[in-house]
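K.L.:
Those protein sequence lines, which keep their order, are chains A and B.
Just so you know, the first sequence maps onto residues 689 to 1093 in the numbering used here.
Just so you know, the second sequence maps onto residues 181 to 1152 in the numbering used here.
It is worth saying that the hints were derived from the structure and are not from the lab.
All C-beta atoms in this analysis are idealised placements derived from N, C-alpha and C, irrespective of residue type, glycine included.
Treat the hints loosely; a few may be bogus.
[Stated by the list, open to error] Straight-line alpha carbon distances no greater than 30 Å define the calculated DSS-like cross-link-like pairs of lysine-lysine that follow:
| # | chain 1 | residue 1 | chain 2 | residue 2 |
| --- | --- | --- | --- | --- |
| 1 | B | Lys281 | B | Lys938 |
| 2 | B | Lys1129 | B | Lys1025 |
| 3 | B | Lys530 | B | Lys720 |
| 4 | B | Lys424 | B | Lys596 |
| 5 | B | Lys1025 | B | Lys1132 |
| 6 | B | Lys562 | A | Lys1017 |
| 7 | B | Lys721 | B | Lys281 |
| 8 | A | Lys1057 | B | Lys562 |
| 9 | B | Lys1025 | B | Lys979 |
| 10 | B | Lys742 | A | Lys729 |
| 11 | B | Lys891 | B | Lys979 |
| 12 | B | Lys471 | A | Lys729 |
[What the hints assert, rightly or not] Simulated restraints, written as ranges between beta carbons of each label pair:
| # | chain 1 | residue 1 | chain 2 | residue 2 | range |
| --- | --- | --- | --- | --- | --- |
| 13 | B | Asp460 | A | Thr739 | 50 to 56 Å |
| 14 | A | Ile1062 | B | Thr691 | 27 to 33 Å |
| 15 | A | Thr739 | B | Asn849 | 30 to 36 Å |
| 16 | B | Gln767 | A | Ala817 | 44 to 50 Å |
| 17 | B | Asp690 | A | Gly1065 | 27 to 33 Å |
| 18 | B | Asp690 | A | Ala1049 | 26 to 32 Å |
| 19 | A | Leu1052 | B | Thr691 | 27 to 33 Å |
| 20 | B | Thr691 | A | Gly1065 | 30 to 36 Å |
| 21 | A | Ala1049 | B | Thr691 | 31 to 37 Å |
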Amino acid sequence: MKIKYLNRIAIAAIAIGTLSFQACKDKTDDGGEDVKPVDEKTVVVTENITTNTTWDANHYWQLGDRITVTAGATLTIEAGTIIKGEAGAGANATALLVARGGKLIAEGKADKPIIFTTVADEITMDQVAAGNFASPNLDPNINGLWGGVILLGKAKISASNSSGDVSEVQIEGIPTSDPSGLYGGSDDADNSGSLKYISIRHGGTNIGAGNEINGLTLGGVGSGTVIENIEIVSNQDDAIEFFGGMVNPKNVVSWNVGDDGIDTDQSWGGTLDNVVVITPGDRSFELDGAEGSMERRHTIQNGSIICTLDGRASTDLANVDPNTIVTLKNLYYQNAGEGQIFNSVVETGVTFENICVDVAAADLSMHFKSGATIPAGITACSTKYADISGFGWTWAKAAGVLSTL
Amino acid sequence: MKSPLILFLLLISSVFVSAQNGTIRGSVIEDATGDPVIFADVLVKGHPNGASTDIDGKFSISLAPGTYTLEVAYLGYQTLVLTDVVVKANDVTILNDLRIKEKSDGEGNVIQQVTINVKTNKNTEASLITMKQRSPTILDGIPAAKMELIGDPNAAEAAKRVTGVSVEDGKYVYVRGLGDRYTKTMLNNVDIPGLDPDKNSLQMDLFPANLIDRITVSKNFSAELPADFTGGLLNVETKDFPDKKIFNVSIGTSYNPAMNLNKNYISYQGGKYDFLGFDDGSRALPDGAEKSTIPTPISGSKSQQVNDFVNSFNPTLGGTRQRSPLDFSASITFGNQISLTKGDSMPTEKDPKLGYIFSLSYKTDYKYYSDVAYGEFQRSQKSSVYDMVQANMQTGGMGEHNVLIGMLGGIAYKTKLSKYRFTVMLLQSGESKAGIFEIDNASEAVGQSGYYAISNNLEYNQRTLANVLLQGNHVIPKKGWEIDWRVSPTLSSSTDPDIRKTAFTYASNDTFFSAGAGGNPSRIWRSLTEINVTAKVDFKKEYSLGKMDSKLRFGFSETYKKRDYEIISLFMQFFGPQNWSSTDVNQVLKPEYVYPNAPNKIYYQTTTISPNPNAYSSDVTCSSGYISNEFQLSKKVKAIAGLRGEYYLQHHTGRDQAWARGDHVSGKNLDDTIVINQFNLFPSLNFIYSYTEKSNLRFTYGRTTARPSFKELSFAQILDPITNRFFNGSLFQYSSWAGNLVPTMIDNLDARWEMFLKRNQMFSVSGFYKMFTNPIEMVRIPEQQTTTEYQPRNVGNGKLLGVEIEVQKNFDFIHPAFHKWSFSGNFTFVQSQIDMTSTEYNARKQYEKEGQDVGHTRPMAGQSPWVVNAGISFNDYENGTNAGIFYNVKGPALYIVGGGLFPDIYSEPFNSLNFSFNKKLGKEQKTQIDFKVSNILNDKLEAFYKSYKADKQVFSSINPGRSFSFGIKHSF
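I would like the entire structure built from these sequences, with the hints used as guidance.
P.N.:
Next up, the structure:
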């Protein structure tokens, strides 16, 4: 069996090579026609998932479109599976969208993570099986090559809407013309499935100005959903954005994303536990308040943040709005430089507990607006709160960027 | 090649045919109706020459130079004797609108003859009064005679002298303050698409006044008119047989201190034919860029392919500031009529006549708006907080360069009882825009991430329109029949090649392109083509019913329209980190930044999928028939009852994104599918009670419609890259909207009292009531909070109640010396009301502020609560001096319907005050100068968000500035 398997890989490799060559030839022949180098190990998915479906680990699953798991359907992705999104923007963007009532069961393992990446990524299942979790050909700062993963549920959101608070809103990144992008409801315990050991890379393509796809978008996702051990690498927009809901993710790495490290909106009421944020393009934490009348508190705890690394620097350490309600607890900020600040510390809904900025005590005030009183919960210290022992499966670990944590 | 040559020879020969003689041309109309009189005899006293009037009521007599007396005789009518008619060699003496009255006045008095001295009696506006006074419908207008006297250069200038008409942007007309949706314009009584595919109205500045026979405005419906107007229907009828030779050359310029000769004016590197109104290909979509798979580093293309592909795009991405020139315009116009005589005999009235008109005009103007603002505001979710929250504010400068070339040509052929006309109109316009804006996005607002960016926007819009009209008129006078048929095809296109938006995001520590903030650079190509064919035939029969004159009208028309539309857009992407040495966006596409060159590694990603969900093809067939009868119920009461039927069938080929992406289960695909299939009857009833010679009471009822446009009934999603706001076609089913947009039906009731006085004075008071079933309004999509998106939707039923006062008053009541001064104006007050749908009511209730009481009704979108159009004119026809000052303003109208988080948007009254002056110079008055000042008050065009107890906030604001124009025209 094993030999046969290896043979198949070899054949597949040759096939890919030949097809790629053919593809190039095709392009010169007719000026860039649609070419998909598909071999027997790659399945191009172009249709929505409307019945229970499994994507097995024997194939590469290529997203040819924005694929929606519709209400009532469950998509199961086996551990070790690699999913690759094709190129495109706007209507042409590829993504995996789990609509309200649909489920995604994607349970990777520490030695067999599930990887969502671009078709340009030459990473193979063999490499992953051998413990090489890094892309062999793409740098971890290339973004916008495909869309992302969007999970939508029926939990409460605090959103303004034509028919009131408890209704639905269109998720960021999905055009208005696709009603599958609606989320929100009244079931805080809603279950959208289970996501474990998943690395999402190089995504975040454009829909329009200011409207793009996050690495992992969680819209109205309920507490019945399991999300743990997630890595987002070089997404063009935020790594994870919460829009309301009650889900409680843990063990999250956000590395080199284009926009915010973690973004919260619409009174997400859960807790994010054990999080590492490394050099997002914008804010490490972009934390917004209610948009409707429902107000509830979310918590981000046990985190380590690298503000500046390898020529990349984030902007704010945390950015809150006047109506934000959040508890920030046990957070460690490393390499905080000039201009990287807590934008505001006066909001009544925002509490700081054990926030360590790893700078000289005299420099701490540099990380606040001039004249701001530094709250008691933020001090100059160097306690590294995030537990990185479980992140051995991440590309970030393989690239060595977790070494200082 | 043969026929134009013959025509040319005819034109040349015509000059010599009547070399020694002069000509008298004129027309005879019936005093009571204003209708032309056919076969009236026009005799020259003591002279064998004479004529009888033709199909248009016109006559032409060739005479040796001298002074004559003419007699106009028609059976049963008073003979009209005209004395002191002077004929000059090689000149035309014009005696238009000679009015004849019945001998019997109905009260036993019989008058045989009336004498008028032509030298001392110049009644120039008479025809128009009759048109207005005697028309059974509420009709207004300007005839050629008046336009010639006043000297307005084009139809837009002339139209604003019609009461109730306001002209916006110097070219678009609106009637009674109702929006574009409820106004309609026609050319030669035929529906033709305008240059702007998104507007119902034609742009009026295209038509030189001296080629226009008349402009009429119908303010209420009658069966022979198309049913799809509600506010007003404006028709421009071009000349077929100019009374005398026209050969004019004019040039003009205009200066707006804020816009012209301004060194801050923004433009961008265009093509070498921009000055002619079309692109030379430098904005063309590169080869292969229309496909759904383009060369990218992701899709396995070779580096060189990607590099070549990116380099095939025009590298200009930004505007540059440079001094703007002055506006300039020029036109040449000629026309004449000739008798087609046999051999070299003297022309007689039996000879067929040939008329021709031609005009060619060129206009180029520059606009610079230095302080444009586009704002996005939201309401606070707290009921105690009244002030609105700023989500986004975009401010900056925008330059525009417009070029318009227009050609209008016509040839007409007339025998005694038949007339044929062929006209061609060609229009070409190019509009180049460049803007530089600051974008301040506030993260506190719902759905916004907060950033600061500077955006460069480049746009080009190119439009072409070609229209042909073939028309025939026939009369059978003895039987009282008149037949009019018209066939008119139009081809038009509107393309926006290479709309570019490039916005650097300015973060605290870096400047770069950020997809989540200012967005990555984008490029859009849009194209629209439309074919439109109209054919119609109208019959009129005059007959006696009892002893009373009656007119029966009936007719048929068929209109076919087909539109193809497509949008292709691409985004710039970077295969790795960005690093820009300059924030000059024209440096962005430098070869050393293009993939595979680091840093930046620029490549493009396309949003196009196949089939393209942002493309559609729609067609409409509208078949109509009508019948109406005009009854003279008594000497004083006239009625028209009419019924029009329109069968309207619209097909659509298009699909939503889901279907285009392969989701054939929940996706929607329309393949030549019927989207409107309606047969409607449109009854109309018009009563006029002329209770004195000069006073009327009128009552009218009519049913009309307002149908969705092609764009509105589509799946198209059209981004305005400057404001970053989206238009969504209504076929999308979304949340509470079922995707089923239906035409609006309107019941109109009018009552009017009017009084006509000497010297074209009048006074009228009207009341009108309109009931709208399923009105269509633009609605902010509440579920979409990240981007600003609108969709046309049917809202709850509406009604409006209005009062209109119309005055035309001569100032001679102050002192006879002021008889050259007159005032005209109309004042309209309207109360409109829409019954909110429960969704809208709930949304508003949810956001009810403390102290606010949200009701179940609100004003109608687009309807101003009051409209004022007023003008003071000075007209000295003998001296050829005319001046006028005109003021138009509309009260604040609901512009876009909000609800919930999003506040309503109201257009702000624009106080438009304009002055115009023209003077004919020289003994022969062959040279005319005109001078115009527009927007004297320097008002801004603005729309604001409004919310209970909150300060209003800007939605859009541009300042058109004050402009001064000067023109000179010479007639040869």
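K.L.:
It remains to establish, for every hint, whether it holds in the given structure.
P.N.:
Status of each hint after checking the structure:
1. B/Lys281 <-> B/Lys938: With a Cα-Cα distance of about 18 Å, the restraint between B/Lys281 and B/Lys938 holds, given a limit of 30 Å.
2. B/Lys1129 <-> B/Lys1025: holds, 16 Å
3. B/Lys530 <-> B/Lys720: Given that 30 Å is the threshold and the Cα spacing comes to 25 Å, the pair holds.
4. B/Lys424 <-> B/Lys596: Judged against 30 Å, a Cα distance of about 19 Å means the pair holds.
5. B/Lys1025 <-> B/Lys1132: The given pair, whose Cα atoms are some 20 Å apart, holds under the 30 Å limit.
6. B/Lys562 <-> A/Lys1017: The given pair, whose Cα atoms are some 29 Å apart, holds under the 30 Å limit.
7. B/Lys721 <-> B/Lys281: holds, 21 Å
8. A/Lys1057 <-> B/Lys562: Distance of about 27 Å is within 30 Å: holds.
9. B/Lys1025 <-> B/Lys979: Holds, at about 22 Å.
10. B/Lys742 <-> A/Lys729: This hinted pair is violated, its Cα atoms lying about 47 Å apart.
11. B/Lys891 <-> B/Lys979: The hint holds at about 26 Å.
12. B/Lys471 <-> A/Lys729: Cα-Cα ~27 Å, so holds.
13. B/Asp460 <-> A/Thr739: 50 to 56 Å: holds, 54 Å
14. A/Ile1062 <-> B/Thr691: 27 to 33 Å: Given range 27 to 33 Å: holds, Cβ gap about 30 Å.
15. A/Thr739 <-> B/Asn849: 30 to 36 Å: At roughly 22 Å between Cβ atoms, B/Asn849 and A/Thr739 fall outside 30 to 36 Å, so the hint is violated.
16. B/Gln767 <-> A/Ala817: 44 to 50 Å: Once the Cβ atoms are compared, 46 Å apart, the range 44 to 50 Å for A/Ala817 and B/Gln767 holds.
17. B/Asp690 <-> A/Gly1065: 27 to 33 Å: Cβ of B/Asp690 to Cβ of A/Gly1065: about 30 Å, so the range 27 to 33 Å holds.
18. B/Asp690 <-> A/Ala1049: 26 to 32 Å: holds, 28 Å
19. A/Leu1052 <-> B/Thr691: 27 to 33 Å: About 28 Å separates the Cβ atoms of A/Leu1052 and B/Thr691, which means 27 to 33 Å holds.
20. B/Thr691 <-> A/Gly1065: 30 to 36 Å: holds, 34 Å
21. A/Ala1049 <-> B/Thr691: 31 to 37 Å: holds, 33 Å
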